[in-house]
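Assemble the dimeric complex from its two separately framed chains, guided by the hints.
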Amino acid sequence: MGSTLLEKVWDAHTVRKLPNGQTQLFIGLHLIHEVTTPQAFDMLRARGWHVRLPERTIATVDHIVPTRDQRRPFLDVMAEDMFSALERNCRDEGIRLFDMSTGSQGIVHVIGPEMGLTQPGMTIACGDSHTSTHGALGAVAFGIGTSQVRDVLASQCLAMEPMRVRRIMVRGRLARGVYAKDVILEIIRRLGVKGGVGYAYEYAGDTVERLSMDERMTICNMSIEGGARVGYVNPDQVTFDYLRGRRFAPQGDDFEQACRWWRSMASDANASYDDQVDIDATSIRPTVTWGINPGQSVYVDEPLPSPSNAAQPDRAGIDEALSFMGLTAGSRIRGTRIDVAFVGSCTNGRLSDLREAAKVIRGRHVAPHVRALVVPGSQPVRLAAEREGLDRIFIDAGFDWRGAGCSMCLAMNPDKLEGREICASSSNRNFKGRQGSPTGRTLLMSPAMVAAAAVAGEVVDIREFVNGD
Amino acid sequence: MAIEKIQRIEGRGLPLPGDNIDTDRIIPARFLRSITFEGLENHLFEDDRQQLAAAGSTHPVAEKKYAGATVLLVNANFGCGSSREHAPQAIRRYGIRAVVGESYSEIFFGNSVALGMPCVTADHASLAALMQLVEEDPAVQLVVDLEGMRASAGEKHFKIALPSAARESFLEGTWDATGLLLDRFEEVEAVARRLPYVSGTWS
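If you read the protein sequences in the order shown, they are chains Y and D. Take our numbering: the final residue in the first sequence is number 497, and no numbers are missing along the way. Take our numbering: the final residue in the second sequence is number 184, and no numbers are missing along the way.
Chain D extracted, bound-state conformation (with noise of 0.2 Å):
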């Protein structure tokens, strides 16, 4: 099935800032109470959102000035613990269409790929600079350019880097990789064959 090419997100920013946001924080386990995705972006960081509000304080993703954003900036291990597809989900729900952060877990990074969301890294300077021009100009532009491997704000620009394979599927659209696997099933059922848990033969 065609499929989409993704080289170049452009939008407004999101700055999310704090290492090791795990995915029970971005979408609490108590939504995941459903048998589909729907409505998900709703309760985005819900608990986190509440918690600051009665504090007299606003979570990023509440905050008027970045709403209707589509690029996330965060930091180090963002999507760490549960391998709930869930959060990704959500945050592509609520609009965003890309993420640039230090680091990710590697279910949540290869979750967002299969949803079509790019998650780049960028060291901890350009993030912290990429953070403060967002804070600083809400209505600046974001562009993440997966061809040319550099995030820019204006005219500031930042190196970005993807691990090939993924940057591939983007920029090609093979990104949604069911088709792919099935395009062979003859050499998956020869695999099978030769393993002798499947085939029962041990000798």
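Chain Y with its partners taken away, still in its complex shape (with noise of 0.2 Å):
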């Protein structure tokens, strides 16, 4: 019998089975940013201890920075303090932080890939819950709380409770129109937001296998909408093509001989699994969250479900989402009018997000009510973008072009909803309150969904859209 990438990886950075039970794991790759570590580091302080291999933790800042203007000190006293707070810590361990005067700096879970520091058959862990979008490249990667921050910090080791595996097999082609956004939203409306609780779920099928580095890494960013806190692919020829020449992975021979590691670190074929699921991409249509969870989401031209013809334990969250959302059942969600268009964040926020928003907003003009904003996942993103001439796009058609960072998809920064708000948006969370206005609304769509929603003033279905062209 083989073993899973899961399994493999466990096995390569067990330390010791714990008295309790538990496994100390090691972790390969701390990244930290500026809203969960400072407490950590109090604690190591107020312990009289340091951090014990400063060199595999990377830092960076991305939740508070404004993306309009960049210069120190911010304006907002909080969040120079925060980043403040990063930098002397940073600085008193001898950690690398990547800021702004670094070119690098974006969000942690856009720059780990960006700069190759995220590679296959690692372990890696950071203070935020997106942490598994680097599952992407073959890496077991989790979000974890301040408290083992702290720990990682200390010992660069976590107590951990052994995981399942689930095998999500997506085949298939993918209509046009529907994006790597609409195939996780499916995944997880089909098997709810907590149907991946004590489970990793590894992505393949040959959908997940056509897919760019990119889009798995959209997939895999949002595995903890599904409850699941670990999500991968294989690593394969994509990912290999996708690491060489980046700067912290390997070079010259080395990189061939790394291949035959990160190849071997890979699920056997006769693995096997704690559970498996097929998904028919084929069938995936252009996907829209219409309530209060990542699992709320309906296709564009379906109707909106109703308490009523819901399973009994589901009506009272469908009724408490419909009536915050100030949706009606059985209603169709398409030509629902938006006040806010976002592109952006650690699920959408990458180089070929933007692209695809800008395709289709090009030559058009954002609607008179609409605020839309682009904010680029890193700085790198930012210049890329800049040198395509993408920024001239958005700008043209009325976008707001901001500088890196998480922005409205948590609003820690100037960027938030106000009051009812409704907002389309390629982030992560429809949650209430998400985005920064307590009665704010969120619909969760792909980059080119929310493109269309801006120019149009509403939700639409972008198959129609670009056919109008």
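None of these hints come from the bench; they were simulated from the model. Where is the CB? At the ideal position from N, CA and C, for every residue including glycine. Treat each hint with caution, since some may be false.
Below 25 Å or equal to it, Euclidean Cα-Cα: the simulated SDA-like pairs (lysine to any residue) are [as the list claims (entries may be wrong)]:
#: 1; chain 1: Y; residue 1: 45; chain 2: D; residue 2: -12
#: 2; chain 1: Y; residue 1: 45; chain 2: D; residue 2: 118
#: 3; chain 1: Y; residue 1: 45; chain 2: D; residue 2: 161
#: 4; chain 1: Y; residue 1: 45; chain 2: Y; residue 2: 189
#: 5; chain 1: Y; residue 1: 45; chain 2: D; residue 2: 146
#: 6; chain 1: D; residue 1: -14; chain 2: D; residue 2: 171
#: 7; chain 1: Y; residue 1: 444; chain 2: D; residue 2: 22
#: 8; chain 1: Y; residue 1: 444; chain 2: D; residue 2: 24
#: 9; chain 1: D; residue 1: 140; chain 2: Y; residue 2: 341
#: 10; chain 1: Y; residue 1: 45; chain 2: Y; residue 2: 31
#: 11; chain 1: Y; residue 1: 444; chain 2: Y; residue 2: 47
#: 12; chain 1: D; residue 1: -14; chain 2: D; residue 2: 97
#: 13; chain 1: Y; residue 1: 444; chain 2: D; residue 2: 35
#: 14; chain 1: Y; residue 1: 36; chain 2: Y; residue 2: 264
#: 15; chain 1: D; residue 1: 140; chain 2: Y; residue 2: 412
#: 16; chain 1: Y; residue 1: 444; chain 2: Y; residue 2: 485
#: 17; chain 1: Y; residue 1: 444; chain 2: D; residue 2: 14
#: 18; chain 1: D; residue 1: 140; chain 2: Y; residue 2: 48
#: 19; chain 1: Y; residue 1: 36; chain 2: D; residue 2: 177
#: 20; chain 1: D; residue 1: 137; chain 2: D; residue 2: 76
#: 21; chain 1: Y; residue 1: 45; chain 2: D; residue 2: 167
#: 22; chain 1: Y; residue 1: 36; chain 2: Y; residue 2: 297
#: 23; chain 1: Y; residue 1: 36; chain 2: Y; residue 2: 298
#: 24; chain 1: D; residue 1: -14; chain 2: Y; residue 2: 444
#: 25; chain 1: Y; residue 1: 45; chain 2: D; residue 2: 163
#: 26; chain 1: Y; residue 1: 45; chain 2: D; residue 2: -15
#: 27; chain 1: Y; residue 1: 36; chain 2: D; residue 2: 174
#: 28; chain 1: D; residue 1: 137; chain 2: D; residue 2: 175
#: 29; chain 1: D; residue 1: -14; chain 2: Y; residue 2: 71
#: 30; chain 1: Y; residue 1: 444; chain 2: D; residue 2: 15
The calculated label-pair distances, taken between Cβ atoms and stated as ranges, are [unchecked claim]:
#: 31; chain 1: D; residue 1: 38; chain 2: Y; residue 2: 415; range: 50 to 58 Å
#: 32; chain 1: Y; residue 1: 265; chain 2: D; residue 2: 182; range: 22 to 30 Å
#: 33; chain 1: D; residue 1: 76; chain 2: Y; residue 2: 44; range: 33 to 41 Å
#: 34; chain 1: Y; residue 1: 342; chain 2: D; residue 2: 145; range: 30 to 38 Å
#: 35; chain 1: Y; residue 1: 283; chain 2: D; residue 2: -2; range: 38 to 46 Å
#: 36; chain 1: Y; residue 1: 190; chain 2: D; residue 2: 128; range: 23 to 31 Å
#: 37; chain 1: Y; residue 1: 124; chain 2: D; residue 2: 17; range: 18 to 26 Å
#: 38; chain 1: D; residue 1: 39; chain 2: Y; residue 2: 342; range: 22 to 30 Å
#: 39; chain 1: Y; residue 1: 124; chain 2: D; residue 2: 145; range: 37 to 45 Å
#: 40; chain 1: D; residue 1: 46; chain 2: Y; residue 2: 276; range: 24 to 32 Å
In structure tokens form, the structure reads like this:
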């Protein structure tokens, strides 16, 4: 019997079995940012400890950075405080920090792969639930809390419970207008927002194999929205081609040797899985969330669910969501008027996402009542987009072209919804209040659908929109 | 370092019904704009509380009759979403010492272990009964017993579950893992040396 990637990586990083039965797992790459770490450094200091292997931790600043004016000191005093604390902690402990002056700053889950820090076969931890993104390159990557950040800083290890593996086989060609975002929203809708608890999701099948690295990241990114702390794709030629030549990837002869090791860490053909789910990719249509968790979605041309037709345990949830969203059971999401359009985030803030959005808006203009912004996932994404002239396309269409950061995905900076505004968003969470206004409303969709909604001023079906060219 | 053994939590209950209550709702992101966890308890469920108040209703966390509760009662997938430890920190600082629920997100569960706040599970019917008992009599004494693995409300008893590793960590007082992880650092270094991406030796 063969092994899964998860089992191989787990075994290679196991230090020992702890007395309580947990595994002491070595963490190969620790990523940190300004929000979930200052308290961890304080805890470390309180115990008189230092960072044990500072070269294995990499820092950046993303959550609180303003995207309009990034000059220091930030006008926002709290944001400046948090950034300064990170700078001080990194300096004191010898941790490398990629801030704005480096040209490599960005959302932690965008810059890790971009710099080649993220590699197959690694264990990666970060105080952020979307760390599952890095699984797209065949790493075992997961989010942790601040006390666990302290543990990694102090010992480069975590005490972990074993995980089961569910293979999600996605087969068939995606229809025109259907993107990786629609695939993961479909998976979450089918398996539920807690269906993945206790599991790592292995995404496989010909559909996944054909996806680019950016698209695989979109899928792995939202594993956590389905309850799975870890999501990964087995490393293959797409992975190796992506990594070749990147700054922290092995260079020269080492690269070929590394490919051999990386390939050996992929799941064996005869590996056994705790569960398997099959998804027919050909039947997926452009998807939009209508509710207050990422499992509450419909195809854009499908009616919204009605509590009276739902299974008993789901009724209260549907009722609450429809009422918060101000939507009517049985109506269509298409035609819902939007106030804000947001392209960005660790889910869909990469160059290919910006290209897809730009394709839709080229030669068109944002509807007069819509506030639209594009926030590149990193400084290099922004620069690459500008080299292609994407910034001009966005600006000419009436979008704001911003600096890199998390921005309106969670609104810890000045980019926020106001009142009950509705936002067409390429981000990952539609929770109540997520985008900065307690009563603000989020519709999750692909970047192309966000761009189309920005132009139409309402949710549209990208397939018809493009046809209308 | 010596850590408190957690075997039994007693006190009054706080029922908080609803599935999929995410950490953005427990503590909205704007309250994470700080370099400490201090004062988070003042903003626990801030937006939910205000919206209910505006609608003429009261959130359980703001209900006077539940003030001073130490056992939180929740439904399924509690603490999903963001990994922010601020969520269990806010709950713990509010005065909660244990949570009884149908299920939790893994990250929330792990964060709570690290704070010494057990999150035990019970089935849907038990939670419904526990919540009803507390709603009817907020003064009823709840006991979460990690040795006997049961939760009690007065004379009524309910079976609870907790993964064995977490249970042992509480009972033995080893739930703060850092010391344990540092115990044999030479073994950590040995693992690091064997990993090609750490050692830089690919062939």
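query = Is the gap between the beta carbons of residue 38 of chain D and residue 415 of chain Y within 50 to 58 Å?
reply = 54 Å, holds
ask   = Is residue 45 of chain Y within 25 Å of residue 167 of chain D, Cα to Cα?
value = Satisfied, since the Cα-Cα distance of roughly 15 Å is no more than 25 Å.
message = So if I understand the rule, the pair passes when the alpha-carbon distance is 25 Å or less; does residue 36 of chain Y with residue 174 of chain D pass?
response = 17 Å, holds
message = Given a hint of 22 to 30 Å, does the C-beta separation of residue 265 of chain Y and residue 182 of chain D actually sit inside it?
response = Since residue 265 of chain Y and residue 182 of chain D have Cβ atoms about 24 Å apart, the given range 22 to 30 Å holds.
task = Decide if the proposed pair is consistent with the structure: residue 444 of chain Y and residue 15 of chain D, CA atoms, cutoff 25 Å inclusive.
result = 18 Å, holds
ask   = Going straight from one Cα to the other, do residue 444 of chain Y and residue 24 of chain D come out at no more than 25 Å?
value = 19 Å, holds
message = Need the status of pair residue -14 of chain D, residue 97 of chain D: alpha-carbon distance at most 25 Å?
response = Holds, because 9 Å separates the two Cα atoms, which is no more than 25 Å.
ask   = Going straight from one Cα to the other, do residue 444 of chain Y and residue 485 of chain Y come out at no more than 25 Å?
value = Judged against 25 Å, a Cα distance of about 18 Å means the pair holds.
query = Holds or violated: are the alpha carbons of residue 45 of chain Y and residue 146 of chain D at most 25 Å from each other?
reply = Roughly 11 Å between the alpha carbons, so the hint for residue 45 of chain Y and residue 146 of chain D holds.
task = Take the C-beta atom of residue 76 of chain D and the C-beta atom of residue 44 of chain Y, compute their distance, and say whether it sits inside 33 to 41 Å.
result = Given about 37 Å between the Cβ atoms, the range holds.
Pairwise hint evaluation, residue 71 of chain Y against residue -14 of chain D, where the allowed Cα distance is 25 Å at most = 20 Å, holds
task = Quickly compare the C-alpha distance for residue 140 of chain D and residue 412 of chain Y to 25 Å and report which way the hint goes.
result = Distance ~58 Å between residue 140 of chain D and residue 412 of chain Y Cα, so the pair is violated.
When the structure is compared with the earlier hints, violations turn up for hints 2, 6, 11, 15, 24, 28, 35, 40 and for no others.
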